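> For reference, the chains in residue letters:
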Amino acid sequence: MQGFRRRMTAAPSTGQSLVIDAVTQRYGAFFAVDHVSLDIKAGELVALLGPSGCGKTTLLRIIAGFILQSEGHVVIGDRLMDGLPPNRREVGIVFQNYALFPHMTIADNIAYGLAARGVAADEQKTRVKDMLALIKLDHIADRFPKQLSGGQQQRVALARALAVKPNILLLDEPFAALDKNLRLDMQIEIKRIQRLAGTTAVLVTHDQEEALSMADRVAVLNAGRLEQYAPPTEVYDAPKSLFVNTFVGTANTLPGKVVALNGEATVALDIGGDIKTRAPTVPVAVGDRVTVCMRPEHLRLADSGEGIAGIVEMGLPLGPSIVHEVRTADGRALKVTEPRAAGAQPRAPGSAVRVRTVGANVISIFPAAAA
Amino acid sequence: MAATPTTQNLPTVTAYELKLAWPLGAFFIVFFLAPLVLLFIVSLYTDTTMTHFGLTQYAKFLLDPFSLKVLGATLWLGVEVTALCLLLGFPLAYVYLRVPGWAQSVLILIVLLPLLTSVVVRTFAWIVILGRQGIINTALLELGLIDSPLRLLYTEGGVIVALAQVQMPLMVLPLITALTRIDPNLADASAALGAGAWRTFWKVTLPLTLPGVIAGCLLTYAAALSAFITQTLVGGGQMLFMPMYLYQQASTLNNWPFAAAISFIFLVAVFAVITVFNMLGKISQGYANA
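Each protein sequence line maps, in turn, to chains U and F.
So for the first sequence, my numbering puts the first residue at 1; every next one is plus one.
So for the second sequence, my numbering puts the first residue at 1; every next one is plus one.
The hints are simulated quantities; they were obtained by calculation from the structure and are not laboratory data.
Values in this document were obtained by computation on a predicted structure and should not be read as measured data.
The beta carbon of each residue, even a glycine, is placed where N, CA and C say it ideally should be.
Only pairs whose alpha carbons sit at most 25 Å apart, straight line, appear in this in silico DMTMM-like list of lysine to aspartate or glutamate:
{"#": "1", "chain 1": "U", "residue 1": "Lys-146", "chain 2": "F", "residue 2": "Asp-188"}
{"#": "2", "chain 1": "U", "residue 1": "Lys-146", "chain 2": "U", "residue 2": "Asp-179"}
{"#": "3", "chain 1": "F", "residue 1": "Lys-282", "chain 2": "U", "residue 2": "Asp-108"}
{"#": "4", "chain 1": "U", "residue 1": "Lys-125", "chain 2": "U", "residue 2": "Asp-108"}
{"#": "5", "chain 1": "U", "residue 1": "Lys-125", "chain 2": "F", "residue 2": "Asp-188"}
{"#": "6", "chain 1": "F", "residue 1": "Lys-203", "chain 2": "U", "residue 2": "Asp-122"}
Chain F stretches covered by chain U per the calculated footprint, using a threshold of three residues with CB under 8 Å from any CB of chain U:
{"#": "7", "region": "173-187"}
{"#": "8", "region": "199-209"}
Chain U extracted, bound-state conformation:
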């Protein structure tokens, strides 16, 4: 550990910048990755977030060199990677199933990349020792992967990838196989190790919480296209598209028509009533049909007065908050999450309520899909 720290402080950042320039991967007429451009700074942890089939894994494999992209460029540091095989890219990968070599001890697993690079035997030994200390598994260096728990295997996979001091660390859904409690521990652990090693990291995940909690910046992908590339809070608070708004976090959606635009927007909802929203991120004109997106925690219930009329279907007291599901006149369900005061009980099913927003600046509108 000491030795590793010393080396790390001497060279604080081993990571390199990564530029993905209009990378496209085509299979016939199908675009797995469609002109995606990302600029990742040295030492940054970027999450590629999206549903399955959005192209995030394909993009990861392109960065690693397992797939040669149809178009575009990958640049690591100041080196153009196009056409370079994986073994010459100085990129480390942690696979979803860890892909540890089952016939080697964990020490040999970690030494594998060092041996492949022709690192001298005693230097290999020191480096393996440092890495084992870093992942706190030095007491079981001689065990085989199958004798380890999932979390331990993952740490070995991480150590194996980091032992060769890669320019870029790629993490392919590394937490998917772990149970929930262990997952959070490992997320913190990996973030700690990544910071300590100063490695640039790309994390592929379909889990929005994981992306938001771990990444410095999140790239949201949908159907091969980049929807938004921003810090986690910005992705959550100011989603750039309807997809981002509904995929990251939850959102209630209501159709309506824009009736006024002056800094903020006013939308006449189809179920009646006007609602004020923040200025649209995608240009819309007065009279356009739009989808209004409201996050549950930005809504409040009232007994009467202004707001969208509805009937409480269900109330769930979740400890710090209460979630109500409210059915509107046209049959839509709205989720409302309110902070819960001590002793507060959920409203009885069937009671008539009004749903209000906490302010126009947290409500987004997007042009309604042309259909």
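Following the hints, position chain F against chain U.
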């Protein structure tokens, strides 16, 4: 290492297994074990009329340089056939995993074809190919590469090639199974760690395929040793291997006790070779249960 939870949770099925194994067990006892015991008793007679007991037949074989040479040649033939099968079969299995589905079907059909053909037909086909006026010699003569026909038939090389063709499926199928079980991510992980294709093959793919290699070698070896028809027809009269040797003693010379003793010595010799193979298999077993 403790068993994995899945195996721990399985119900004990030994009782069922034993009951269900009875018909096959009985079949083996009547038609395999009993004849074997009879054979052993026959081998203990000292004379062809089977009146006196003694170990003279075994002594006769083990002290006779000619008999030992036949045994050695047979065991060595098995090694050569197995080596050739492995040499040709491994690349084939390796290619099999990397070609599209339709090509896999074609490859498997080609590999299995020898098994689907009658052994006699197949062997005469080899005679047609390897003979003095055979396809190879005719082609080479026409091309002007040779002046007189090569001696291909009735040579050890001919026997090895013909046997390797027949035994190929026994080698290739276990290899394909073993290669299929290797996580494709392992090769990717190896490449990402900076290893080239050869290093990945020697350090990852080959060690993890060893159980399949052992199984394939075992099957090929056992089958090559006892391939009576191919050995005899392609090998001709000049080459004598154990199956033909004991056939001559039993059918031509009516020396049943000596033939029985040859059988038993052959059995023990093959058993010894297979035990060594099996031990190697046990050692490599740990690799497979990833």
